[in-house]
Amino acid sequence: MKIVSYGDALIIQADERLDASTNQQMKEHWQRAASFPFLIVDLENTTFIDSVGLATLVSGLKLARQRGGELILVNPSENVRIIFDLTHMDRVFQIAPTIQAALALAANRKN
Amino acid sequence: MTLDSLATERARVQQLEAELEEMTVMLAQSWDQLVSLMQDAPGPPNSTTDIVPFLESIMAALDAPMGAVYLLDRGDQPADWFVIPSEGVSFTALRASLNAALERCEAITVVAIDTLSGYPSAWLLTPLVVSGRAIGVVGVGFANADHEFKVGDKALVRRMTERVASQIIAASLRESEAREAKIAHELQIAGLIQRSTQPIHYPQINGIDLAVDWRPASIVGGDAWGWVQQPNNVLAVFMVDVAGKGLPAALGAVSLHTLIKMALRLGLTPVEVLRHVNSEVYETYTAADLLATAVILSLDLSSGLLMQANAGHPPTLIRRGDEWLRWRSTAPPLGVLASIEPELHALALDADELVIVYSDGLTELKTDSGFWGEAGLKRAAELAFGQSAKQVLRAILESAQTAMLRGADEDDQTILCLQYLGR
Chain A
1 MKIVSYGDAL IIQADERLDA STNQQMKEHW QRAASFPFLI VDLENTTFID
51 SVGLATLVSG LKLARQRGGE LILVNPSENV RIIFDLTHMD RVFQIAPTIQ
101 AALALAANRK N
Chain B
1 MTLDSLATER ARVQQLEAEL EEMTVMLAQS WDQLVSLMQD APGPPNSTTD
51 IVPFLESIMA ALDAPMGAVY LLDRGDQPAD WFVIPSEGVS FTALRASLNA
101 ALERCEAITV VAIDTLSGYP SAWLLTPLVV SGRAIGVVGV GFANADHEFK
151 VGDKALVRRM TERVASQIIA ASLRESEARE AKIAHELQIA GLIQRSTQPI
201 HYPQINGIDL AVDWRPASIV GGDAWGWVQQ PNNVLAVFMV DVAGKGLPAA
251 LGAVSLHTLI KMALRLGLTP VEVLRHVNSE VYETYTAADL LATAVILSLD
301 LSSGLLMQAN AGHPPTLIRR GDEWLRWRST APPLGVLASI EPELHALALD
351 ADELVIVYSD GLTELKTDSG FWGEAGLKRA AELAFGQSAK QVLRAILESA
401 QTAMLRGADE DDQTILCLQY LGR
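Protein sequences appear in the order of chains A and B. Start counting the first sequence at 1; every next residue gets the next number (the numbering used here). Start counting the second sequence at 1; every next residue gets the next number (the numbering used here).
Don't read these hints as lab results, they were simulated from the structure. Predicted model only: the values in this text are computed from it and were never measured. Cβ coordinates follow ideal geometry from the N, Cα and C atoms, glycine included.
Listed next, the in silico DSBU-like pairs over lysine-lysine satisfying Cα-Cα at most 30 Å (straight line): (1) K62(A) - K245(B); (2) K390(B) - K261(B); (3) K245(B) - K27(A); (4) K245(B) - K2(A); (5) K62(A) - K261(B); (6) K2(A) - K366(B); (7) K27(A) - K366(B).
From chain A, some residues computed to sit far from chain B (all C-beta separations above 10 Å): (8) H29; (9) A96; (10) A101.
Model the full structure from these sequences, guided by the hints.
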């Protein structure tokens, strides 16, 4: 899991699997980064997500909104898109094609 | 060899024999004192007072007038010390030397440590090593600062502290086994409670053929299903899948099961039930980082009208003619948004049409060519078309079992087959 910050956004590159094996690590990162209202999760490399992974993203979304920001997903793979579609979560998250687009969404939201 | 050197050698041998004799006596004395303690297996050291009997034995074996035990903090308990005699030994004066023994993880002798009376003393400090880690120090002291600790003294104290350490390891192991047994027992009870909430009998209603398989991945699971007979000849069935595994997911499933059943008993429609239950669980799920998928179907047995509301659950499959209809989720899972507004699916079933509701544990089964998926489930169901719901269910479960990769992790699995037999 790679993490960088840009302005008031924390950018997390998610692992191949987003499930019980990675959820704690991801949560710890954004809970510690209290000064970042915008969480950008790059899902380009994520090929598997289960309900625990979805719950982790929802937890990040709620946290970001509490901080006055948003959680934005970037470039989910086909497998992940199918899960978002089936669970109706594609209507819950903002999804951007690139990190730059996600940062632009965050900037718009801020303004 | 000269006579002088022979005499020197003889004197050395005599000295060694004397030391050996002394050591044997000391070991025997200390062993006698320890035996009674060994018979009552001590628990892990909750405080230094648990180790004091051993310290007293060591002091007696060496005839040492002073002793000390120091235990580092053990997570839930702070660092702790005990000195004998309490009015004669300054722990503050000893502390730096105790820490030095801990850091070096080996026995050290220290002289000129001030006692409370102001006189210097000599100490032998031996770390208490458990599983390769120094958890504390046992020390014995003499008021005479010139006291010399013999090789035998050091060996004796080392052996006795090793003995204490092995007792601690054994006691910790016993405690951890007892804790695991307690957890396993509690899990069994939780499993029984969860099982008791799952229907044992299917509704005895003319016009339907129902078969269900509910299979938690372990003793408890996050899946649940149920049915309620509503007024006006309506049968409602539901399925939930709480994210995660183990007790939190099982508790979530049991509470959700109860909430949905109560709401259905009040005669609410599938959409109303999901809306109300979501607002009921939203705050708790937010605090607990939980979410749950849920699907509720109601079937009017008089008209065959089937209605569904689905929050994040896998699509309901309806076999109509040669086609599969898919009723997908129209709302996110429960606990994601503060309020949800699922859309209602509805259609009038014809006689012998089959409805399949399942949890993702079944479609996410790993096979050697990827996930079993909805396609695998449909193929399996097609093998038993025209037969009873029970036979369709059996065909699905058998195919899943055959396709599943051996040794792959399994999730909770629930599948419900409902056949409408006609008006």
